[in-house]
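Number of protein chains: 2
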Amino acid sequence: MKNFMEPESVALIGISRKSGSGSFNYMENMIKFGFSGRIFPINPKAKEILGRKAYPNIRAVKEKIDLAVISTPREDTVSILKDCVAANAKAVIVVNQGFADADSRGRQMQREMTEIAKRDGIRILGPNTLGVLNNFNNFTTSFMPLSKERAPVGLICQSGIFFVGARVFSGKIGKGIDLGNACDIGFYEALEYLGEDPDIKIIVIHMEGLSKGKEFVSLASKVVKEKPIIILKTGSSETGARAAMSHTGSMAGNYQVYKAALKRAGVTFLEEEGQMTYAVKTLLNLPTMKGNSVAVITFSGAAGIMGSDALERHSLKLSTLSSETIHMMAELSPDWMPLANPLDIWPAVMVHGTHKAYSVALKAVLNDPNVDGVICIAIAPMIPESSFLDVSEPLNRVMQEAPPKPVIAWLYGPNQREISKRFESKKRIMIYPTLEMAAWSLSLLRERRERI
Amino acid sequence: MKNFMEPESVALIGISRKSGSGSFNYMENMIKFGFSGRIFPINPKAKEILGRKAYPNIRAVKEKIDLAVISTPREDTVSILKDCVAANAKAVIVVNQGFADADSRGRQMQREMTEIAKRDGIRILGPNTLGVLNNFNNFTTSFMPLSKERAPVGLICQSGIFFVGARVFSGKIGKGIDLGNACDIGFYEALEYLGEDPDIKIIVIHMEGLSKGKEFVSLASKVVKEKPIIILKTGSSETGARAAMSHTGSMAGNYQVYKAALKRAGVTFLEEEGQMTYAVKTLLNLPTMKGNSVAVITFSGAAGIMGSDALERHSLKLSTLSSETIHMMAELSPDWMPLANPLDIWPAVMVHGTHKAYSVALKAVLNDPNVDGVICIAIAPMIPESSFLDVSEPLNRVMQEAPPKPVIAWLYGPNQREISKRFESKKRIMIYPTLEMAAWSLSLLRERRERI
Numbered sequence: 046m047k048n049f050m051e052p053e054s055v056a057l058i059g060i061s062r063k064s065g066s067g068s069f070n071y072m073e074n075m076i077k078f079g080f081s082g083r084i085f086p087i088n089p090k091a092k093e094i095l096g097r098k099a100y101p102n103i104r105a106v107k108e109k110i111d112l113a114v115i116s117t118p119r120e121d122t123v124s125i126l127k128d129c130v131a132a133n134a135k136a137v138i139v140v141n142q143g144f145a146d147a148d149s150r151g152r153q154m155q156r157e158m159t160e161i162a163k164r165d166g167i168r169i170l171g172p173n174t175l176g177v178l179n180n181f182n183n184f185t186t187s188f189m190p191l192s193k194e195r196a197p198v199g200l201i202c203q204s205g206i207f208f209v210g211a212r213v214f215s216g217k218i219g220k221g222i223d224l225g226n227a228c229d230i231g232f233y234e235a236l237e238y239l240g241e242d243p244d245i246k247i248i249v250i251h252m253e254g255l256s257k258g259k260e261f262v263s264l265a266s267k268v269v270k271e272k273p274i275i276i277l278k279t280g281s282s283e284t285g286a287r288a289a290m291s292h293t294g295s296m297a298g299n300y301q302v303y304k305a306a307l308k309r310a311g312v313t314f315l316e317e318e319g320q321m322t323y324a325v326k327t328l329l330n331l332p333t334m335k336g337n338s339v340a341v342i343t344f345s346g347a348a349g350i351m352g353s354d355a356l357e358r359h360s361l362k363l364s365t366l367s368s369e370t371i372h373m374m375a376e377l378s379p380d381w382m383p384l385a386n387p388l389d390i391w392p393a394v395m396v397h398g399t400h401k402a403y404s405v406a407l408k409a410v411l412n413d414p415n416v417d418g419v420i421c422i423a424i425a426p427m428i429p430e431s432s433f434l435d436v437s438e439p440l441n442r443v444m445q446e447a448p449p450k451p452v453i454a455w456l457y458g459p460n461q462r463e464i465s466k467r468f469e470s471k472k473r474i475m476i477y478p479t480l481e482m483a484a485w486s487l488s489l490l491r492e493r494r495e496r497i
Numbered sequence: 046m047k048n049f050m051e052p053e054s055v056a057l058i059g060i061s062r063k064s065g066s067g068s069f070n071y072m073e074n075m076i077k078f079g080f081s082g083r084i085f086p087i088n089p090k091a092k093e094i095l096g097r098k099a100y101p102n103i104r105a106v107k108e109k110i111d112l113a114v115i116s117t118p119r120e121d122t123v124s125i126l127k128d129c130v131a132a133n134a135k136a137v138i139v140v141n142q143g144f145a146d147a148d149s150r151g152r153q154m155q156r157e158m159t160e161i162a163k164r165d166g167i168r169i170l171g172p173n174t175l176g177v178l179n180n181f182n183n184f185t186t187s188f189m190p191l192s193k194e195r196a197p198v199g200l201i202c203q204s205g206i207f208f209v210g211a212r213v214f215s216g217k218i219g220k221g222i223d224l225g226n227a228c229d230i231g232f233y234e235a236l237e238y239l240g241e242d243p244d245i246k247i248i249v250i251h252m253e254g255l256s257k258g259k260e261f262v263s264l265a266s267k268v269v270k271e272k273p274i275i276i277l278k279t280g281s282s283e284t285g286a287r288a289a290m291s292h293t294g295s296m297a298g299n300y301q302v303y304k305a306a307l308k309r310a311g312v313t314f315l316e317e318e319g320q321m322t323y324a325v326k327t328l329l330n331l332p333t334m335k336g337n338s339v340a341v342i343t344f345s346g347a348a349g350i351m352g353s354d355a356l357e358r359h360s361l362k363l364s365t366l367s368s369e370t371i372h373m374m375a376e377l378s379p380d381w382m383p384l385a386n387p388l389d390i391w392p393a394v395m396v397h398g399t400h401k402a403y404s405v406a407l408k409a410v411l412n413d414p415n416v417d418g419v420i421c422i423a424i425a426p427m428i429p430e431s432s433f434l435d436v437s438e439p440l441n442r443v444m445q446e447a448p449p450k451p452v453i454a455w456l457y458g459p460n461q462r463e464i465s466k467r468f469e470s471k472k473r474i475m476i477y478p479t480l481e482m483a484a485w486s487l488s489l490l491r492e493r494r495e496r497i
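Protein sequences appear in the order of chains D and W. Just so you know, the first sequence maps onto residues 46 to 497 in the working numbering. Just so you know, the second sequence maps onto residues 46 to 497 in the working numbering.
By construction, these hints were calculated from the structure, which means they are not laboratory data. Since the model is a prediction, treat every value here as computed from it, not as a measurement. Please note that a few of the clues may not be correct.
[Stated by the list, open to error] No farther apart than 25 Å at their CA atoms in a straight line, the calculated lysine to aspartate or glutamate pairs in the DMTMM-like style are these: (1) W:K77 x D:E430; (2) W:K308 x D:D380; (3) D:K135 x D:D148; (4) D:K217 x D:E241.
[Claimed, not checked] Chain D regions said to be covered by chain W (calculated; three or more residues, Cβ under 8 Å): (5) 142-155; (6) 340-348; (7) 380-386.
[To be verified] These stretches of chain W come out as covered by chain D in the derived footprint (C-beta under 8 Å, 3 or more residues): (8) 128-135; (9) 141-147; (10) 305-319; (11) 352-362; (12) 474-480.
All C-beta atoms in this analysis are idealised placements derived from N, C-alpha and C, irrespective of residue type, glycine included.
With the hints as constraints, model all of the structure from the sequences given.
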């Protein structure tokens with residue numbers, strides 16, 4: 046994988062002379078992205094492309110080539126691949142589609158590519174891929190502009206949609222590998238690379254089909270001890286599986302068996318793509334959870350009930366709060382107030398203000414031995430008009446001396462975006478858009494602690 | 046309910062002389078909101094409040110009083126309620142908490158209130174409520190500022206959290222009734238009012254406990270024929286039920302039996318509060334769905350697969366597209382392109398551009414007799430830089446002549462908010478944040494058609 050992710054020299058075969066907006070020129074994108082290695086554009090009709098000398102074919106380069114990127118009509122791919130072997134290129138990315146994702150002719154050509162890889166030792170990523178992204182050395186083969194963030198998050202996927210718009214699905218991505226149809230390089234090789242990569246702390250995977258399943262399970266079971274692994278398997282429905290067959294030519298195979306083994310080993314599986322960004326945020330930033338007892342702090346009785354419902358849906362339960370915790374809150378609350386979990390602190394807020402009531406409550410439950418994790422239901426007011434309702438700063442202060450228990454917040458009010466940022470700025474309290482998602486996220490932290 | 050929602054004169058008992066930011070003065074809020082009726086502030090320590098003559102008690106008013114609002118310490122409530130009877134007030138809202146939501150003393154006082162309502166014919170909303178909101182006549186008793194929008198959406202709830210931050214849960218609310226502990230006015234009376242209200246087209250309900258269940262079921266079964274009814278029942282978990290008991294003093298009762306009957310009648314039940322805003326959007330704006338066959342239009346194979354998975358999770362299926370539909374798309378696509386449902390139009394986009402490819406595809410599937418509804422996976426690009434990728438305008442044009450089938454879109458890209466607004470401006474295509482939510486929303490439209 047090193048030749049794909051950290052090449053010193055790349056040949057770009059079939060690169061267009063057109064550049065600028067709407068041209069999808071990946072050489073232009075590569076230069077803009079800050080790649081500092083050598084680039085050899087290959088185009089028989091050009092002498093020069095974007096200021097670099099162009100070559101009629103890869104054999105004419107006659108220099109060390111770590112990586113070749115092919116984006117030509119599908120009919121030319123196999124013969125160009127043979128040229129790459131002849132030119133001693135070590136690795137090849139085949140960008141274009143029309144192979145196992147298409148018709149029988151395409152499937153045949155893909156088989157030929159696999160055979161070339163096996164026979165000649167050249168490694169192939171794709172076809173039907175955007176290639177790679179490495180924000181730690183400013184390298185990408187994507188023809189779409191990507192975000193540039195050195196996040197400790199590694200992505201392995203079978204579609205550019207996870208790659209280009211990573212933020213839509215998974216938040217910031219530091220390194221990414223789009224396997225496409227995976228004719229040679231597969232999940233095993235990609236996971237091996239990211240698993241050993243010290244820049245990467247968490248690995249997120251979009252999977253349509255899995256080959257080398259046994260080896261992958263064994264490798265993932267090792268990697269997951271060090272780094273959380275999150276898998277979104279798509280095409281799990283009958284119709285989805287048929288569609289996956291025609292998308293990347295993937296077969297479901299013994300997937301159910303592999304999935305069971307991976308789950309036992311502690312790999313996190315997602316139900317749907319909307320969960321990905323929250324799974325990454327959770328497992329990257331929050332401590333795992335020792336038991337399944339959760340305290341809910343709320344300013345609204347109704348929201349506390351919704352939080353309780355959500356916990357039960359995810360096999361978690363409300364902690365029985367210790368008498369110390371109850372006592373501390375009772376001192377702030379009116380006599381008639383029944384105090385339990387969920388801890389309704391509104392009456393305390395009315396007398397002592399949000400800052401004091403929330404701080405005392407959070408500190409109390411974090412130090413309560415019966416509490417393994419916390420859902421805090423807080424307010425997202427407009428600021429500065431209603432700054433007194435924003436408790437992000439006092440709660441982050443409480444976290445400074447808190448035992449390592451996960452604290453998750455759900456915000457209610459008109460200013461979600463700004464108040465979320467304030468909460469998350471210290472990376473101790475994470476915000477979720479629904480109580481359902483909040484409870485689910487805690488269940489991931491519980492699961493990881495149980496398995497690992 | 047008319048005295049609560051459309052009063053001509055209100056007495057505000059226990060109103061504070063403090064006003065301005067942070068004072069939670071509901072008289073101030075009421076005036077700002079534009080209420081044009083008479084207001085009698087009741088406060089023995091004041092001569093005048095906010096420019097209106099104050100009275101020492103309600104009996105001293107000696108004028109017609111449609112509605113009295115009580116916000117005093119709980120100990121005073123019952124005797125003040127008796128004063129309201131003596132003053133011939135027709136309806137009372139009891140704002141403060143500390144009744145069935147609190148201790149045995151509170152439960153006893155609430156029972157006394159119920160008895161007064163029965164015996165003396167005065168109607169009571171609450172206790173433990175923000176009261177009412179009627180945007181169609183600028184009236185509210187809330188001490189929190191509320192949004193002012195004449196949306197055809199009626200809300201019945203048992204917590205101010207749905208009321209004040211309606212947008213967090215349900216989108217815009219035209220009229221709202223917070224039942225609180227529901228010592229007298231309950232779901233039956235509120236539904237009766239909103240059911241007959243010509244301003245209201247859809248009714249959304251947050252329910253902790255249900256009394257008069259039989260009557261409610263019978264009424265809801267009638268109302269739902271005309272107006273969709275959406276219910277979020279909370280406290281459905283064991284722990285949640287216990288919490289609900291202490292929140293509004295609600296009992297679960299024969300809820301499961303009522304729920305089954307309501308579902309049969311076509312009432313929509315939610316799993317969690319995060320679904321509420323999308324259920325309202327869906328049932329308010331989109332036509333119902335005749336069968337369970339859905340076409341998925343996508344620019345990404347992977348996203349199409351995710352859409353298929355989501356459909357299957359919600360008991361919907363991919364339509365078998367007619368040969369006319371396939372033919373129309375084949376004319377735009379390369380020869381090797383396998384065309385089926387999901388309809389992957391990226392190759393067509395590459396040759397013919399987004400506007401043409403998407404328009405032809407949407408028109409074709411809408412006119413396809415095998416298609417009952419559509420999920421359209423589109424792009425949310427930055428504009429104006431990449432306006433050519435924004436298909437909101439051409440697709441809304443296609444909708445002008447389309448048969449009444451629901452079209453739901455999921456957007457991929459960095460500019461969700463702006464492009465969503467463009468799509469939804471014509472109220473024909475609705476946008477959902479995940480494919481899961483998109484498929485679920487279609488299932489609501491299918492369910493409504495099946496039942497009603």
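Verification of the supplied hints:
1. W:K77 x D:E430: holds (17 Å)
2. W:K308 x D:D380: Violated, at about 42 Å.
3. D:K135 x D:D148: Judged against 25 Å, a Cα distance of about 29 Å means the pair is violated.
4. D:K217 x D:E241: Given that 25 Å is the threshold and the Cα spacing comes to 20 Å, the pair holds.
5. 142-155: Check passed, 7 qualifying residues.
6. 340-348: holds (count 4)
7. 380-386: holds (count 4)
8. 128-135: Since three or more residues must qualify, the claim that chain D covers the stretch 128-135 of chain W is violated, with 0 doing so at under 8 Å.
9. 141-147: Since three or more residues must qualify, the claim that chain D covers the stretch 141-147 of chain W holds, with 4 doing so at under 8 Å.
10. 305-319: Three-residue rule met by the stretch 305-319 of chain W, so holds; n is 4.
11. 352-362: holds (count 7)
12. 474-480: Per the Cβ count (3), the hint holds.
When held up to the earlier numbered hints, the structure conflicts with 2, 3, 8 and fits the remainder.
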